[in-house]
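Protein chains: 2
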Amino acid sequence: MAAKNSSSLKDIAAKLGISIATVSRALQDNPAISKATRERVAQAAREMNYSKNFIADSLRSGQLPVIGVIVPHAVTLFYSSVLDGIEQVAAQDGYAVINMNSHESYEEERCNVRSLQNLHVAGIIASVTQETEDFSHFDALAKEHLPVVFVARDIPTRNYSSVTADSVEAAHRATRHLIEQGCRRIAILCGPNRLKMVTERKHGYIEALHDNRLLVRPEYVAYSDINTQAAMQATERLLSMPERPDAIIALNDTLLFAAMKAIKNKGLDMPDDVALIGFSDVEYAEYVSPSLSTIEDQSRLMGETACRILLNHINGSPAPVKKIIPTIQRVRESSCKKR
Amino acid sequence: MAAKNSSSLKDIAAKLGISIATVSRALQDNPAISKATRERVAQAAREMNYSKNFIADSLRSGQLPVIGVIVPHAVTLFYSSVLDGIEQVAAQDGYAVINMNSHESYEEERCNVRSLQNLHVAGIIASVTQETEDFSHFDALAKEHLPVVFVARDIPTRNYSSVTADSVEAAHRATRHLIEQGCRRIAILCGPNRLKMVTERKHGYIEALHDNRLLVRPEYVAYSDINTQAAMQATERLLSMPERPDAIIALNDTLLFAAMKAIKNKGLDMPDDVALIGFSDVEYAEYVSPSLSTIEDQSRLMGETACRILLNHINGSPAPVKKIIPTIQRVRESSCKKR
DNA sequence: TTGAAAGCGCTAACAC
DNA sequence: GTGTTAGCGCTTTCAA
Chain A
1 MAAKNSSSLK DIAAKLGISI ATVSRALQDN PAISKATRER VAQAAREMNY
51 SKNFIADSLR SGQLPVIGVI VPHAVTLFYS SVLDGIEQVA AQDGYAVINM
101 NSHESYEEER CNVRSLQNLH VAGIIASVTQ ETEDFSHFDA LAKEHLPVVF
151 VARDIPTRNY SSVTADSVEA AHRATRHLIE QGCRRIAILC GPNRLKMVTE
201 RKHGYIEALH DNRLLVRPEY VAYSDINTQA AMQATERLLS MPERPDAIIA
251 LNDTLLFAAM KAIKNKGLDM PDDVALIGFS DVEYAEYVSP SLSTIEDQSR
301 LMGETACRIL LNHINGSPAP VKKIIPTIQR VRESSCKKR
Chain B
1 MAAKNSSSLK DIAAKLGISI ATVSRALQDN PAISKATRER VAQAAREMNY
51 SKNFIADSLR SGQLPVIGVI VPHAVTLFYS SVLDGIEQVA AQDGYAVINM
101 NSHESYEEER CNVRSLQNLH VAGIIASVTQ ETEDFSHFDA LAKEHLPVVF
151 VARDIPTRNY SSVTADSVEA AHRATRHLIE QGCRRIAILC GPNRLKMVTE
201 RKHGYIEALH DNRLLVRPEY VAYSDINTQA AMQATERLLS MPERPDAIIA
251 LNDTLLFAAM KAIKNKGLDM PDDVALIGFS DVEYAEYVSP SLSTIEDQSR
301 LMGETACRIL LNHINGSPAP VKKIIPTIQR VRESSCKKR
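Respectively, the protein sequence lines represent chains A and B. Residue numbers for the first sequence follow the UniProt record's numbering, beginning at 1 and rising by one. Residue numbers for the second sequence follow the UniProt record's numbering, beginning at 1 and rising by one.
Hints are not guaranteed to be accurate.
Identical copies carry no separate label here, and so any pair may be met within one copy or between two of them.
Below, a list of computed lysine-lysine pairs in the DSS-like style, where the Cα atoms sit at most 27 Å apart [claimed, not checked]:
no. : residue 1 : residue 2
1   : K338      : K261
2   : K337      : K322
3   : K323      : K15
4   : K143      : K15
5   : K266      : K143
6   : K15       : K337
7   : K35       : K52
8   : K52       : K323
9   : K35       : K261
It should be emphasised that the hints constitute simulated quantities derived from the structure, not laboratory data.
Assemble the whole structure, with the sequences as input and the hints as a guide.
Right under this line is the structure:
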């Protein structure tokens with residue numbers, strides 16, 4: 001069962017008739033070792049197919065060359081991109097990445113933190129669940145000097161590093177864009193209010209209306225669970241109002257595609273009857289007709305940034321850093337009035 | 001830097017004035033230890049917030065409780081689902097998962113294998129790159145008794161376990177479905193021929209035509225690079241033929257959505273002028289109009305299965321297992337003639 | 001029922 | 001320039 005085949009320093013030392021320490025030093029290109037010895041060792045190591053045992057190293061240093069990541073669901077374009085960014089940056093510094101999914105469950109999140117702690121990873125990047133309100137499991141890490149960086153979803157009022165998207169500004173810009181297109185009755189299709197993402201984006205929307213001296217109409221703020229059925233119904237309610245909205249902002253993928261379907265079902269023209277723009281990371285927004293305008297997170301960049309910050313912490317820089325990553329607005333057919 | 005805070009057996013032993021060995025045994029519920037001692041130890045461990053150091057364990061056993069995974073690109077619905085399946089099964093057995101991306105590069109794949117080997121993971125699940133033809137890096141693992149399972153993309157004629165999709169049968173079934181819809185001029189839109197996925201699916205298509213005594217027309221077999229531009233052009237060429245195909249099978253997501261766009265651009269009715277079905281894992285196939293018929297891999301199940309097989313190998317069952325996972329055909333509007 | 005000691009592979013402090 | 005030794009945290013003989 002146990003793989004006990006790779007050669008060790010001991011094997012090389014024995015073969016060359018020198019001490020283990022000398023081999024160790026030679027392999028580290030320690031200048032104290034004579035060139036001749038260094039070369040003999042290098043040679044032998046190559047021949048014997050030596051590879052350093054990181055575990056032994058880790059036992060001494062107290063940590064594995066591994067970064068732990070906890071996300072709600074890796075099976076989404078957003079989080080898999082974040083992970084991809086993390087992995088790339090980590091690999092450049094010789095760190096591997098262990099991912100765990102919390103499945104939006106607080107209990108699982110606590111388990112994940114414990115598991116990573118037990119594995120003695122060098123640091124953790126986390127995107128907390130929607131239900132996480134108690135952060136003691138993360139505070140415990142701080143006590144052990146295990147650095148943590150939060151990504152995508154920050155935690156409130158704490159001394160942690162984080163990398164988040166500029167939600168408020170993104171929603172503000174999207175609303176501005178619709179206003180510039182001539183829309184005056186702009187509705188917003190939200191997920192459940194308890195999500196921070198929702199409150200932030202809604203905030204940006206309201207600000208933009210204010211800034212442009214447009215009325216905020218409560219009836220234009222629609223809420224829906226995040227599933228196609230519910231979102232289609234919510235959209236239909238918006239579209240059946242006496243003063244029908246002339247634009248809709250959808251706060252995520254699911255809501256966006258559902259809104260599109262509801263608008264089409266109703267036989268309305270998009271964008272001329274109703275313009276549509278939504279927060280979404282999926283490329284398929286471009287392939288449907290009309291192609292859908294979107295606000296896209298720079299998810300990969302968020303991952304890369306979070307990992308860079310974490311590596312700094314691992315290397316001893318303790319000051320927390322809060323980084324905000326701008327979003328990208330992709331204006332396509334669904335939000336451009338033909339005039 | 002080093003996290004040197006969690007308490008160790010030594011700490012507990014010191015506090016209780018007993019030996020480390022006794023503590024170790026007590027914690028393992030070794031019946032040789034008196035109940036009183038066991039309880040005292042358990043109590044102290046709890047109080048001191050003891051957690052076992054897996055690394056020390058791993059140094060002895062020679063392997064980490066971690067499974068390594070290598071995929072071409074985790075940022076796809078297919079591979080992120082495979083990973084999700086692997087992770088879930090691994091977690092049940094107390095294993096974490098390290099993922100690495102080869103980015104379809106043979107060199108990176110070799111690096112990844114080496115990295116995982118150096119980390120002394122307990123086993124590896126891999127989906128080889130399109131360019132991998134030499135498998136010596138995997139053979140090296142076998143020599144070290146490091147178990148390997150291939151997933152999604154098998155490697156030829158080797159004594160390895162694998163989990164793959166039933167591509168030939170899937171294409172056969174899709175072709176049959178179109179024939180049942182009354183289609184007689186069925187075209188297939190392929191990616192580059194060097195991909196095994198392409199040759200297999202093409203094989204199923206040809207078999208199905210044969211079985212139904214339909215002619216295989218070479219001009220109906222279109223090749224395209226896997227990008228929207230190229231695929232749209234290839235589709236346009238098909239649609240401009242004197243005897244226009246009355247159905248198209250697209251071999252992946254990108255080809256499928258591009259074909260849809262080309263058919264619409266041409267003003268043809270789907271499915272009545274041209275029926276369309278494609279291999280795809282994305283949910284958005286359902287949201288466009290007409291909704292797109294697809295053949296879907298059971299990617300999550302493939303991951304789960306691969307991981308179960310790997311865990312068996314890790315636990316000492318050496319015989320290689322080849323498992324084939326059926327696909328799911330989702331018939332939607334784009335392939336159902338209205339009659 | 002418990003303790004002492006060896007050893008997993010490596011590095012670093014301390015000789016010489 | 002090189003060797004000796006201790007020690008990271010744990011399990012496991014071997015002794016008592």
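These are the hints, each one checked on the structure:
no. : hint        : result
1   : K338 x K261 : both (21 Å within a copy, 21 Å between copies)
2   : K337 x K322 : neither (38 Å within a copy, 56 Å between copies)
3   : K323 x K15  : neither (53 Å within a copy, 44 Å between copies)
4   : K143 x K15  : between (45 Å within a copy, 22 Å between copies)
5   : K266 x K143 : neither (57 Å within a copy, 64 Å between copies)
6   : K15 x K337  : neither (79 Å within a copy, 76 Å between copies)
7   : K35 x K52   : within (21 Å within a copy, 42 Å between copies)
8   : K52 x K323  : neither (37 Å within a copy, 35 Å between copies)
9   : K35 x K261  : neither (73 Å within a copy, 66 Å between copies)
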